[in-house]
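Read off the chains here:
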Amino acid sequence: MSKKRHILPGFNLSLGWSVTWLSMIVLLPLAALIGKTASGGWGHFWETVTDPQVVASYRISFGISLIAALINGVFGLMAAWIFARYQFPGRRFMEAATDLPFALPTAVAGIALTALYSPNEWIGKWLEPLGIKIAFTPIGILLAMIFIGFPFVVRSVQPVISELSVDVEEAAACLGATRWQTLKSVVFPTLVPSLLTGVIMAYGRAVGEYGSIVFISGNIPFKTEITPLMIVHKLEQYDYTGAAAIGFTMLVASLLIVCAGNFLQSWGNRFRERT
Amino acid sequence: MASFIDLHHPPGSDRRADRMVRSTSEPLWLRRLLIGIVLAFFVLFLALPLIVIFQGALEKGFGYFLHNFTDHDILHSMLVTLIVALITVPANALFGIAAAWAITRFRFRGRQLLLALIDLPLWVSPVIGGLVYVLLYGRRGYFGPWLQAHDIRIIFAMPGIVLATTFVTFPFVARSLIPLMQAQGCEEEEAALTLGASGFEILRRITLPKIRWGFFYGLILCNARAMGEFGAVSVVSAKISGKTNTMPLEIERLYNDYLFASAFTVAAALSLLSLITLLLKTIAEWQNTRQLEAGRRALLESSIDTIPSKANA
Numbered sequence: 001m002s003k004k005r006h007i008l009p010g011f012n013l014s015l016g017w018s019v020t021w022l023s024m025i026v027l028l029p030l031a032a033l034i035g036k037t038a039s040g041g042w043g044h045f046w047e048t049v050t051d052p053q054v055v056a057s058y059r060i061s062f063g064i065s066l067i068a069a070l071i072n073g074v075f076g077l078m079a080a081w082i083f084a085r086y087q088f089p090g091r092r093f094m095e096a097a098t099d100l101p102f103a104l105p106t107a108v109a110g111i112a113l114t115a116l117y118s119p120n121e122w123i124g125k126w127l128e129p130l131g132i133k134i135a136f137t138p139i140g141i142l143l144a145m146i147f148i149g150f151p152f153v154v155r156s157v158q159p160v161i162s163e164l165s166v167d168v169e170e171a172a173a174c175l176g177a178t179r180w181q182t183l184k185s186v187v188f189p190t191l192v193p194s195l196l197t198g199v200i201m202a203y204g205r206a207v208g209e210y211g212s213i214v215f216i217s218g219n220i221p222f223k224t225e226i227t228p229l230m231i232v233h234k235l236e237q238y239d240y241t242g243a244a245a246i247g248f249t250m251l252v253a254s255l256l257i258v259c260a261g262n263f264l265q266s267w268g269n270r271f272r273e274r275t
Numbered sequence: 276m277a278s279f280i281d282l283h284h285p286p287g288s289d290r291r292a293d294r295m296v297r298s299t300s301e302p303l304w305l306r307r308l309l310i311g312i313v314l315a316f317f318v319l320f321l322a323l324p325l326i327v328i329f330q331g332a333l334e335k336g337f338g339y340f341l342h343n344f345t346d347h348d349i350l351h352s353m354l355v356t357l358i359v360a361l362i363t364v365p366a367n368a369l370f371g372i373a374a375a376w377a378i379t380r381f382r383f384r385g386r387q388l389l390l391a392l393i394d395l396p397l398w399v400s401p402v403i404g405g406l407v408y409v410l411l412y413g414r415r416g417y418f419g420p421w422l423q424a425h426d427i428r429i430i431f432a433m434p435g436i437v438l439a440t441t442f443v444t445f446p447f448v449a450r451s452l453i454p455l456m457q458a459q460g461c462e463e464e465e466a467a468l469t470l471g472a473s474g475f476e477i478l479r480r481i482t483l484p485k486i487r488w489g490f491f492y493g494l495i496l497c498n499a500r501a502m503g504e505f506g507a508v509s510v511v512s513a514k515i516s517g518k519t520n521t522m523p524l525e526i527e528r529l530y531n532d533y534l535f536a537s538a539f540t541v542a543a544a545l546s547l548l549s550l551i552t553l554l555l556k557t558i559a560e561w562q563n564t565r566q567l568e569a570g571r572r573a574l575l576e577s578s579i580d581t582i583p584s585k586a587n588a
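Chains as they are written, first to last, in this note's numbering: chain L, 1 to 275; chain Y, 276 to 588.
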């Protein structure tokens with residue numbers, strides 16, 4: 001049947017291999033996650049995911065990630081703007097460096113940030129006399145989440161700024177708009193979809209992040225424990241159904257975040273086609 | 276009055292150029308302020324962490340730095356990381372080519388679903404990437420009893436590390452190939468087919484040269500993640516130094532043992548790798564855009580060529 005519809009060879013081989021590999025690496029393991037979650041029963045599931053210590057970890061993982069994503073939205077927009085619009089020495093270098101959080105192993109980032117912000121280290125020792133503690137507090141977690149989410153916003157917004165035609169801004173200026181009015185009513189509305197997409201992607205990444213956070217967070221129960229760490233704790237106690245229950249909850253949360261991101265992206269595409 | 280004069284005596288060209296810039300750009304002080312803020316952000320979040328790693332690695336002198344690389348456990352962790360990357364990167368590369376070929380060259384039911392599932396490991400927590408394999412192959416997992424009866428160890432051993440790494444690096448090659456192959460179209464492949472080339476000949480002599488930079492881009496990103504993965508691997512590894520520790524796990528072990536200089540040395544080695552990755556990635560991105568644009572132009576030209584011939588007929 002497929003041969004009639006397609007001219008090029010290799011349909012069965014390429015699709016067969018893709019689906020086999022996908023099943024082995026992603027589908028079967030995910031089925032195990034769902035199966036293990038279900039095997040514990042509803043009561044056990046609810047008890048696990050509403051355990052006060054786990055609930056406290058949601059506040060950190062989902063709450064602080066949101067603050068980090070919003071901060072990244074501000075700085076990411078600024079960085080994308082200056083990369084797309086301004087000429088200054090070192091611009092290409094900075095553009096390339098933007099992706100460092102993607103390339104740097106999370107454990108390396110984790111110990112580096114801890115070393116910077118610990119009480120008697122580089123930056124920490126200047127803040128300690130002021131009574132500001134960063135490492136082993138939620139602020140440390142926030143910094144790690146800002147670090148890993150930053151490239152998402154820049155990568156999402158910068159192409160849209162580059163595509164903008166300056167004619168529209170010229171027209172606005174000719175009609176007597178001040179630069180601020182032009183930015184506020186002409187430029188910024190076209191950037192909103194891509195900005196939101198970038199912020200949501202940064203949020204999703206920060207929610208699931210583990211390596212760069214566990215070093216700087218100090219992992220104090222009820223205070224600085226993140227949700228992925230709760231999975232690790234359950235596995236250390238060989239509580240597979242408990243670990244699966246928390247894992248499943250995170251999976252559903254991530255799915256919702258991704259759906260929101262995709263929805264915004266398609267909205268943004270429609271928006272751009274219209275303009 | 277000033278506007279009246281301006282109308283009759285147009286301002287000098289330099290002044291007009293200045294006003295043009297001003298109308299579509301921000302005032303100089305704001306531009307400088309923005310660049311300054313972003314620069315400060317970069318120094319604080321990107322430059323300082325790198326500096327602190329290399330400073331920490333060289334704290335006890337260059338001799339000590341080099342001496343670390345004769346340590347058995349550190350060397351072994353580098354070997355484990357290398358083996359893991361050598362297995363997972365080619366495996367995912369093969370999958371990436373197959374998936375990109377199927378998705379960009381054919382239309383079939385479930386195509387969108389396949390695309391979405393390829394992305395899945397990108398957005399779930401890496402810890403879940405390790406967890407799912409524990410649930411399958413761990414002592415109390417679905418296949419645990421059977422594996423124990425046959426004395427096969429997957430979790431807390433090398434196969435588990437390879438599987439978890441494969442999970443988190445799964446989308447990289449496919450993701451970098453699909454948009455590229457989509458944009459390039461398949462006219463050249465079809466031409467080769469009519470000239471009698473076999474499927475593998477087409478792949479080797481037409482498609483692979485066309486996508487080589489996108490492929491390379493995917494490979495280096497996949498490799499960087501494979502060598503640097505921490506969350507997924509820390510769940511499935513027994514964390515025994517000198518046996519099942521990858522470099523990131525060895526960093527954690529050394530750090531928790533307060534061997535900071537050694538931890539930072541391993542971290543410096545991985546940082547160097549990520550800097551090389553960034554450099555190669557930038558080059559590949561640049562070349563990839565060129566290939567993409569060449570593909571688009573060829574597509575455009577071929578469609579322009581066909582319009583007059585249709586009109587003549």
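For the record, the hints were derived by calculation from the structure and aren't laboratory data.
Hints should not be assumed to be uniformly reliable.
Claimed, not checked - From the derived model, a few chain Y residues whose C-beta atoms are all more than 10 Å from chain L:
| id | residue |
| --- | --- |
| 1 | L314 |
| 2 | L354 |
| 3 | R415 |
| 4 | G416 |
| 5 | P434 |
| 6 | Q457 |
Unchecked claim - Below, simulated DSBU-like cross-link-like pairs (lysine-lysine); rule was C-alpha separation at most 35 Å, straight line:
| id | chain 1 | residue 1 | chain 2 | residue 2 |
| --- | --- | --- | --- | --- |
| 7 | Y | K485 | L | K133 |
| 8 | Y | K335 | Y | K514 |
| 9 | L | K223 | Y | K485 |
Everything numeric in this text was worked out from a predicted model, so none of it was measured.
We put the CB at the ideal spot given by N, CA and C, even for glycine.
Enumerated hints in conflict with the structure, sorted upward:
Of the numbered hints given earlier, those the structure breaks are 1, 3, 4, 7 and 9, listed in rising order.
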